[in-house]
Amino acid sequence: GQQVMQIPQYQHVQEGEDFTTYCNSSTTLSNIQWYKQRPGGHPVFLIQLVKSGEVKKQKRLTFQFGEAKKNSSLHITATQTTDVGTYFCAAPQGGSEKLVFGKGTKLTVNP
Amino acid sequence: DAGVIQSPRHEVTEMGQEVTLRCKPISGHNSLFWYRQTMMRGLELLIYFNNNVPIDDSGMPEDRFSAKMPNASFSTLKIQPSEPRDSAVYFCASSIGGAFTDTQYFGPGTRLTVL
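Residue numbers (my numbering), protein chains in the order written: chain H, 128 to 238; chain X, 270 to 384.
These are calculated hints, taken from the structure and not from any lab test. Here the structure is a predicted model, which means the values were calculated and not measured. A hint or two may mislead.
[Unchecked claim] Straight-line distance between alpha carbons at most 27 Å, and here's what the computed DSS-like set of lysine-lysine pairs gives:
1) K293/X <-> K225/H
2) K230/H <-> K183/H
3) K337/X <-> K225/H
4) K183/H <-> K225/H
5) K163/H <-> K225/H
6) K337/X <-> K184/H
7) K230/H <-> K184/H
8) K197/H <-> K178/H
9) K230/H <-> K347/X
10) K233/H <-> K197/H
11) K186/H <-> K337/X
12) K186/H <-> K233/H
13) K197/H <-> K230/H
Model the full structure from these sequences, guided by the hints.
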């Protein structure tokens with residue numbers, strides 16, 4: 128079925144390094160959402176992108192939605208240990224437009 | 270607001286037993302979602318209610334799984350009989366509206382282990 132592909136699956140960085148996760152779809156998306164799940168925690172909504180080419184920033188986090196609305200990225204500048212967790216993209220897909228989550232990118236940060 | 274409340278937080282049971290997971294959505298939210306999270310399959314939507322009515326249950330694995338929402342403040346997910354492959358973290362989430370464009374607020378989850 129339709130799915131949202133997310134890469135990489137894992138990313139280990141040194142504190143202070145940048146981090147990027149990518150989300151790709153074979154179909155055009157109406158919108159894309161990003162969530163963060165801390166170890167042992169639950170997914171927490173970060174942001175939603177709707178417009179083609181949209182870029183949104185939250186402090187050190189930059190979210191982009193591709194011009195064709197088929198891909199998206201989350202970039203973290205100068206990672207901190209508090210950024211540790213799994214980052215998921217999610218998009219409504221299929222006839223029912225139910226939210227489909229990517230497999231997530233697990234970020235670990237070495238202090 | 271207390272957020273989405275789930276109980277129990279942990280459940281350990283033996284194969285063949287009935288398991289009931291409970292969820293209280295955020296007050297005023299009209300949509301409720303049940304998800305299952307495993308390492309292999311990630312986060313999967315099981316069923317979605319809008320105004321207490323099941324809208325999409327295509328993600329429910331099989332007849333052993335059932336979900337109800339008798340009122341706007343309570344939902345249950347039941348597994349009967351449970352099997353070891355049902356071991357996972359089950360999340361309940363709620364949102365204000367009925368569209369998947371609305372922000373979903375997740376509960377803390379129930380970690381289910383079936384021995």
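Hint check results:
1. Our distance criterion of 27 Å between C-alpha atoms is met by K293/X and K225/H, whose separation comes to about 21 Å.
2. Proximity of K230/H to K183/H is assessed by CA-CA distance (about 22 Å); at most 27 Å being required, the pair is judged to hold.
3. About 19 Å separates the Cα atoms of K337/X and K225/H, which keeps this hinted pair within 27 Å; it holds.
4. A distance of roughly 24 Å separates the Cα atoms of K183/H and K225/H; the hinted pair therefore holds under the 27 Å criterion.
5. Between K163/H and K225/H the CA atoms are separated by roughly 19 Å; this keeps the pair inside 27 Å, and the hint holds.
6. Our distance criterion of 27 Å between C-alpha atoms is broken by K337/X and K184/H, whose separation comes to about 39 Å.
7. A distance of roughly 23 Å separates the Cα atoms of K230/H and K184/H; the hinted pair therefore holds under the 27 Å criterion.
8. For a cut-off of 27 Å, the pair hint linking K197/H to K178/H stands: about 11 Å separates their Cα positions.
9. For the proposed pair K230/H and K347/X, the alpha carbon gap of about 25 Å is at most 27 Å, so the pair holds.
10. Taking the CA atoms of K233/H and K197/H, the gap is about 22 Å. The hint holds against a cut of 27 Å.
11. Distance hint between K186/H and K337/X is unfulfilled; the C-alpha atoms sit about 41 Å from each other, more than 27 Å.
12. With a C-alpha separation of about 20 Å, the suggested pair K186/H and K233/H falls inside the 27 Å cut-off, and the hint holds.
13. As the CA atoms of K197/H and K230/H are separated by approximately 17 Å, the hinted pair is consistent with the 27 Å bound.
Violated hints, listed in ascending order, are 6, 11; each of the other numbered hints is respected by the structure.
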